[in-house]
Amino acid sequence: MKRYILNRLFQFIPLLIGMTFISFLIIQLSPGDYFTQLKMNPEISPETIEKMRKVFGLDKNIVVQYFYWLKNVFTFNLGVSFSYHVPVSYLIKIRLKNTISLSIFSIFLTWIISIPLGIYGAIKNKRWEEKILSFIAYIGISIPSFFLAMLFIFFISKTAILPLGGTTSIFYKGATPFERFIDYLKHLLVPGLILTLSGIGSLYRLMKNNFLEAINSPYIFTAYAKGIPTWKIYFKHALRNAINPMITIFGYELSGILSGAGLVEIITGWPGMGRLVLEGVLSFDLYLVMASLLIGGILLILGNLFADILLALVDPRVRFK
Amino acid sequence: MNIFVRLRKRNFISYISLYIIIFLYSLAILADFISPYPYNKQFRDTPLCPPTKINFFDKNGKFHLRPFVYEYKLVNPSLNKYEIDRNKICPIYFFVKGERRKILGLFPSRRYLFGVKEGKIFLFGTDMHGRDIFSRVLYGARISLSIGIIGVLISFFLGFLIGGISGYFGGKIDNVLMRLVEIFMMFPSFYLMLALRAVFPLNLSSFQVYLLIVIILSLIGWAGLARIIRGMVLSIKEEEYVLSAKALGIPTFRIIFRHIIPNTFSYSITAITLSIPGYILGESTLSLLGLGIQEPYPSWGNMLSVCIGNLRILSNAPWMLIPGFFIFLTIICFNFLGDGLRDVCDPKNW
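Residue numbers (my numbering), protein chains in the order written: chain B, 54 to 374; chain R, -13 to 336.
Honestly, I wouldn't trust all of these hints.
Stated by the list, open to error - Subject to a maximum C-alpha distance of 27 angstroms in a straight line, what follows is the list of computed DSSO-like cross-link-like pairs (lysine-lysine):
hint, chain 1, residue 1, chain 2, residue 2
1, B, 179, B, 289
2, R, 67, B, 211
3, B, 179, R, -5
4, B, 177, R, -5
5, B, 285, B, 184
6, B, 184, B, 55
7, R, 39, B, 211
8, R, 45, R, 103
9, R, 27, R, 45
10, R, 45, R, 74
11, R, 223, R, 158
12, R, -5, R, 45
13, R, 88, R, 103
14, R, 39, R, -5
15, R, 59, R, -5
16, R, 39, R, 59
17, B, 211, R, 59
18, R, -5, B, 184
No wet-lab data here; the hints were simulated from the structure.
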């Protein structure tokens, strides 16, 4: 088990280095560097800029520059935002919390809803229940998350049942920690539900297919022949085998969820990484954009690592390979 | 053609989806002829006008064979309240005369498919500048629908090239290329898309933006395809006919392009169909965020961008969301068609 995890960790290292290199390459591709904008600022003296150039190693050739940059990245010095004039790492720290809570909230809801639905769909395969569920799943897969968000906002603007935009209400300051938590959760509900609804469809379909494959396997027939009760066959034998591929899928799903979260954040006004990166692009704040890209990639790697460990925990075949 | 017959018999929804897709593409191609107004024509006196209802019965209950519309009058500009003037009947005519436009950019014409001689007809209402949303949806379809096809073709070319080389040669080349693919797949696509967009200046001409979007989307999309194609090539290259081609001394690239890749076609058609929605979504996302196609040119994405953070417009003028329905319709049709094709192409299901 330990060896397996270490092995996975080692496999992720070249990936991580490659990601930093591509992020770096994208900065290099763009015209002008980090200091072209600073030079226009009369408050910053040319000496300071020269000094900063040294810190970032911009006077050296591109490979050396890359290692300078990498060194800075590992010490969480991701550069300074042009538009906010504060370190990028500081900006990201605030927003990252919101994006992670939004992602975890919606991943949790998506799985809680779509796994039982998938099992139900597989049991009722080719009956009207399954047909209706699958049709709804098609709609869920096909509806763009931003469009779903807009429909949601339209609905909320008519009924005003949930707060929209931001993470907190006005009375936040005087509230008890519990009230604060509830308030945060309420604000989380709109983007969270949108993200969940747009994720359920594909997970439902995967789970349905996996479960279907599992309950049509020979060992299930054996179990029937031995007279094991149906519910036990479903939940003890079929479910365990059907859920394994789902955990592998988790890594891929995470990419979609992070991307979806970025977009939904922008539309519903949830202050997360998505908004930050858009603001960065609009104000040509390259270091902010690159740092967000890198952090997004690292989140994805961590998610994949988590999925791998989880898979090893539930599947002995992976563990002892 | 065999495929289509089988599609109709096995999976009727996919078959219908195919026709809806063809219909949408023909709307886009014939936008100049079908839309009653040019995409940039502004009717300043009717901003955010609700969709015009088409009537057959007038206010006295008399039936008219020729459908007609009433005129909408803005009675309260600050609240955007419209009133219908039921006294004046504006009949709808086919092949009505209007402004001179070039159909397909080639044939100048003054006649359009339908329109009114007096009053105005806004089937989907108007936007803030009083532009007809129906016309803009048709023109926007040109961009939104073509980007999907072009983007997918470029990605497929890259995917075939890299996946084919990687799968066929294996070994070190395979290892390096697949690590590269993994790196690209490890970035959340939304962030990668925005980061690549950030490299280029914001104010580009619309043609440049169009090209840029295609390039960005293909750069994001090729990785997944390359991986799939590599897997297929790996299994095909062990087949006997490839071995015999090798034994005959046929050059490697000829083997890849003449013997191996054609065998991936039935699968590729499915994969192409199923990945087009991603490109359509990518374009609309970029345009929605103001990073893609710029005004006054319409795309389904940038027509929706006024709805972001603008609760008043969204709740007073829900018809502004109509382009979103078109995105949804296109995507669901491609998904149905793709699944149907997969079903039909799989020999196990014959």
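Hint check results:
As the CA atoms of residue 179 of chain B and residue 289 of chain B are separated by approximately 24 angstroms, the hinted pair is consistent with the 27 angstroms bound. Under the criterion of a C-alpha separation no larger than 27 angstroms, the hint pairing residue 67 of chain R with residue 211 of chain B is consistent with the structure, at around 17 angstroms. Straight-line distance between C-alpha atoms of residue 179 of chain B and residue -5 of chain R comes to about 17 angstroms, which keeps the hinted pair within the 27 angstroms bound. For the hint pairing residue 177 of chain B with residue -5 of chain R, the CA-to-CA distance comes to about 24 angstroms; that is within 27 angstroms, so the pair holds.
About 25 angstroms separates the Cα atoms of residue 285 of chain B and residue 184 of chain B, which keeps this hinted pair within 27 angstroms; it holds. A hinted pair counts as satisfied when its Cα atoms are at most 27 angstroms apart, and residue 184 of chain B with residue 55 of chain B does not qualify at roughly 44 angstroms. Between residue 39 of chain R and residue 211 of chain B the alpha-carbon distance is near 23 angstroms, which keeps this suggested pair within the 27 angstroms criterion. As the CA atoms of residue 45 of chain R and residue 103 of chain R are separated by approximately 20 angstroms, the hinted pair is consistent with the 27 angstroms bound.
A threshold of 27 angstroms between alpha carbons decides the hint, and for residue 27 of chain R with residue 45 of chain R the separation of about 31 angstroms lies outside it, so the pair is violated. Distance check on the hinted pair: residue 45 of chain R and residue 74 of chain R sit about 10 angstroms apart at the alpha-carbon level, within 27 angstroms; holds. Between residue 223 of chain R and residue 158 of chain R the alpha-carbon distance is near 17 angstroms, which keeps this suggested pair within the 27 angstroms criterion. A hinted pair counts as satisfied when its Cα atoms are at most 27 angstroms apart, and residue -5 of chain R with residue 45 of chain R does not qualify at roughly 48 angstroms.
Restraint check for residue 88 of chain R and residue 103 of chain R: the C-alpha separation of about 20 angstroms stays at or below 27 angstroms, so the hint holds. Between residue 39 of chain R and residue -5 of chain R the CA atoms are separated by roughly 38 angstroms; this puts the pair beyond 27 angstroms, and the hint is violated. Of the supplied pair hints, the one linking residue 59 of chain R and residue -5 of chain R is violated, its CA atoms being roughly 51 angstroms apart against a limit of 27 angstroms. For the proposed pair residue 39 of chain R and residue 59 of chain R, the alpha carbon gap of about 14 angstroms is at most 27 angstroms, so the pair holds.
Distance restraint check for residue 211 of chain B and residue 59 of chain R: the Cα-Cα separation of roughly 25 angstroms lies within the 27 angstroms cut-off, and the hinted pair is therefore satisfied. Of the pairs offered as hints, the one joining residue -5 of chain R and residue 184 of chain B holds, with about 18 angstroms between alpha carbons and a cut-off of 27 angstroms not exceeded.
Violated hints, listed in ascending order, are 6, 9, 12, 14 and 15; each of the other numbered hints is respected by the structure.
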